[in-house]
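So you can see what is in the structure, the chains are spelled out below.
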Amino acid sequence: MFKKLFGALTGDKQENQNYETQTSNDNYENNYEDNYQEVEYDPETLHGTHYTVEDFDNEVAERAEAWIADERASGENLDEKDIQNIYFNYRRTVYTEWNNCDSDQMIRFEHANSLKYTGVQTSGFVKADDNNPFLEPVHGVDLRTYTAMCLKISAGIDYLEVCKAMGFEPAVWEELNTIWPQRMGEDTSFTVTTLFGQYYAENVTVPQLENLKAEISEEGAANLERIKSDRYFYEELAGARQAAYEYGIDGAQWILENFGINLADFQSVAMQWMTEQNQNWNSADITEFHDYQQQKQKEYAAKFAAEQGGNIADDVNF
Amino acid sequence: MFGLFKKSKDSQNGESTTEWYSELQENQQRWFAFLEKLEAKMEEFATAAIPELKEIMQSDDDIYKRTFHRVYSGVNGQLNNIREKARDVYEEKVHDVYYNLNSQISVLSKHHNLLSDFRSACSDRYNEFENKYDYWRKQIDKTQERDLETEYQKILDEYEAIKNKFNCTQCGGNIVIEKIFLIETYITCPYCQTQNTFAPSTLGRNLQNIARNLAEQRTAHLYEAYEAEKDKERDLYHQRHELSLSIIHEKDKKVLHEVQLKMDDLEEQRQFAIKNAPKLHQEYLRAMYDELNKITPDLKEHNEKMYQNQLQYL
Amino acid sequence: MEEKKVNSFLNRLKESAQKQTNYGGEMEITEAKINAKDCPNCGAGRAKQDGLTHCAYCGFEFLNIKLTDGVYIKKEDNSI
Numbered sequence: 246m247f248k249k250l251f252g253a254l255t256g257d258k259q260e261n262q263n264y265e266t267q268t269s270n271d272n273y274e275n276n277y278e279d280n281y282q283e284v285e286y287d288p289e290t291l292h293g294t295h296y297t298v299e300d301f302d303n304e305v306a307e308r309a310e311a312w313i314a315d316e317r318a319s320g321e322n323l324d325e326k327d328i329q330n331i332y333f334n335y336r337r338t339v340y341t342e343w344n345n346c347d348s349d350q351m352i353r354f355e356h357a358n359s360l361k362y363t364g365v366q367t368s369g370f371v372k373a374d375d376n377n378p379f380l381e382p383v384h385g386v387d388l389r390t391y392t393a394m395c396l397k398i399s400a401g402i403d404y405l406e407v408c409k410a411m412g413f414e415p416a417v418w419e420e421l422n423t424i425w426p427q428r429m430g431e432d433t434s435f436t437v438t439t440l441f442g443q444y445y446a447e448n449v450t451v452p453q454l455e456n457l458k459a460e461i462s463e464e465g466a467a468n469l470e471r472i473k474s475d476r477y478f479y480e481e482l483a484g485a486r487q488a489a490y491e492y493g494i495d496g497a498q499w500i501l502e503n504f505g506i507n508l509a510d511f512q513s514v515a516m517q518w519m520t521e522q523n524q525n526w527n528s529a530d531i532t533e534f535h536d537y538q539q540q541k542q543k544e545y546a547a548k549f550a551a552e553q554g555g556n557i558a559d560d561v562n563f
Numbered sequence: 004m005f006g007l008f009k010k011s012k013d014s015q016n017g018e019s020t021t022e023w024y025s026e027l028q029e030n031q032q033r034w035f036a037f038l039e040k041l042e043a044k045m046e047e048f049a050t051a052a053i054p055e056l057k058e059i060m061q062s063d064d065d066i067y068k069r070t071f072h073r074v075y076s077g078v079n080g081q082l083n084n085i086r087e088k089a090r091d092v093y094e095e096k097v098h099d100v101y102y103n104l105n106s107q108i109s110v111l112s113k114h115h116n117l118l119s120d121f122r123s124a125c126s127d128r129y130n131e132f133e134n135k136y137d138y139w140r141k142q143i144d145k146t147q148e149r150d151l152e153t154e155y156q157k158i159l160d161e162y163e164a165i166k167n168k169f170n171c172t173q174c175g176g177n178i179v180i181e182k183i184f185l186i187e188t189y190i191t192c193p194y195c196q197t198q199n200t201f202a203p204s205t206l207g208r209n210l211q212n213i214a215r216n217l218a219e220q221r222t223a224h225l226y227e228a229y230e231a232e233k234d235k236e237r238d239l240y241h242q243r244h245e246l247s248l249s250i251i252h253e254k255d256k257k258v259l260h261e262v263q264l265k266m267d268d269l270e271e272q273r274q275f276a277i278k279n280a281p282k283l284h285q286e287y288l289r290a291m292y293d294e295l296n297k298i299t300p301d302l303k304e305h306n307e308k309m310y311q312n313q314l315q316y317l
Numbered sequence: 002m003e004e005k006k007v008n009s010f011l012n013r014l015k016e017s018a019q020k021q022t023n024y025g026g027e028m029e030i031t032e033a034k035i036n037a038k039d040c041p042n043c044g045a046g047r048a049k050q051d052g053l054t055h056c057a058y059c060g061f062e063f064l065n066i067k068l069t070d071g072v073y074i075k076k077e078d079n080s081i
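Residue numbers (this note's numbering), protein chains in the order written: chain A, 246 to 563; chain B, 4 to 317; chain C, 2 to 81.
Bear in mind the hints are in silico, worked out from the structure with no lab data behind them. Do not rely on the hints blindly, as some may be mistaken.
Stated by the list, open to error - Restricting the straight-line Cα-Cα distance to at most 30 Å, the calculated cross-link-like pairs of lysine-lysine (DSSO-like) are:
(1) C:15 to A:541
(2) B:182 to B:168
(3) A:409 to C:38
(4) A:543 to B:88
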């Protein structure tokens, strides 16, 4: 039925308005009288609930294969990449048509389905699957626990202390720290890497490690809270850190010395903001924060430059 | 560039171009001079920095060469600063000026070409600057190369020196370290069966970190052969393209036929290069991974999986 | 005069880079070492055939995990 409703539509917005000529189903008629009626999206797939995913995939395949046949008939040679590209573009077209949505919503949809359609995960949308061989525990330690250990160590806690708290010997930790990164390299869907990133962002911990706290000053703790809740402050520090590297200063050390925040905590917050950005994709916000970080980077760069006696090209002007 | 002056003389009886045209001329001259000064700075700075970087790489005894990396980042930071300066000025004095005037002067006006010539001259000169930037960045990148053969030899030498020096903590029997262990591990005493833990030295642990780069260094010639094949394909494409342009207005059938034969031959060669490049790429990868397995045989299982993955992206 | 500026910048860059603390502290260069862990409960050593995870004499738990096939450690190293 749904196909009939949209079968006549070619993506031309004008046709969209001609409701009288469409065969109708009482449930949907009212929805489409108002062009800007809110579409309900499935929370997991972000597909509109007014059609099935199967219908969607079939429509995309139908259009894509027709195009591919045309191209081949006119002598074009299409390889795997070209075909994937064609499907990619038709998915965007059909999704936008069927949901009458803006590009931000379309991108959120792409992120939620990146594994299904492109074979690669997106941060914020990864689910841990017990049957995934890449996620099998190593020496009984799963990825989440491994990440929890990494967080403590990057925060400055001695790895021997962490091993003791976990109840195993350093040799085991060294195997974990070899094999988990190996899995990240071997997994072409990036599930292990992306999931690790998500756990890092969540600042995961396990009961055995809860009592191990990295030393943090009062000022550091306050600044840490601030970068978690104040995006502008986070972007300022991220820009400052970039500027530091450009002037031969170790950015991570500089952040620790000037704001009391260690690298693990900083990276964790960075991942949190990135994941949130993926889940609530909004291009206007993204541009604003990007520009703000750039601006701050320039400000701090000027300060660092002054400490070095200025940039070498300061005396060259238009 | 001198063609512009000629045109302005001819336009005496046309619209008055003097005002905006002299602004364009001045901008263009200043832009060229500005870039030249920036390029001189880049060269001066890079030429001074490169030997310093090489020296620091040698003298930095931190195993991760962190002092080197800080200086390296700082040097690139300055080059980047110069590059951004050029970009900002281009935006303001070429790009914006062009678009401002473009909205006032019709494309049909016979003086519009002065405006487009201005933009293409400035943009071409900008490309030259970008090429020089790339060149210096490449030279600076080369300072990152470590003498990995020497570092590897140090690891091998250290292993030879220590492999017979250990005794079981329980019974005192001599334990031979059978290979270079990459991480802490358990070793069984052959006499009393006690599990001892063996912790490799910092050097031994570092083997994992240099292995891949060393394998790549040793097989670099194969990688270059692959890159050369890709360049060849591009070169053949351009040659054929030039030929096809050359016969656009050709009427002589004999010449057309000859050129067409040449074009067909070039295309055949190009198609061969297209098929050959992935083969050369695979040859390089197999050889590189074989070296890697020689250097770190304990990681062979993982290495083979990585090799298989890379084949998918040939 | 130009040259002076370039050289002085480079020198300052070098000095500042050399003075800085490496994040996470200095890397200790260590030698290879051999050691053994005796059971803190009964003092017995660990023998290969008894596995790594538990003491064969008193059952003390050395490693509270189940070992799988790793780089050097194998499944067989689990104590029974």
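Report task. If any of the earlier hints don't hold here, list their numbers in rising order. Result -> No numbers; nothing is violated.
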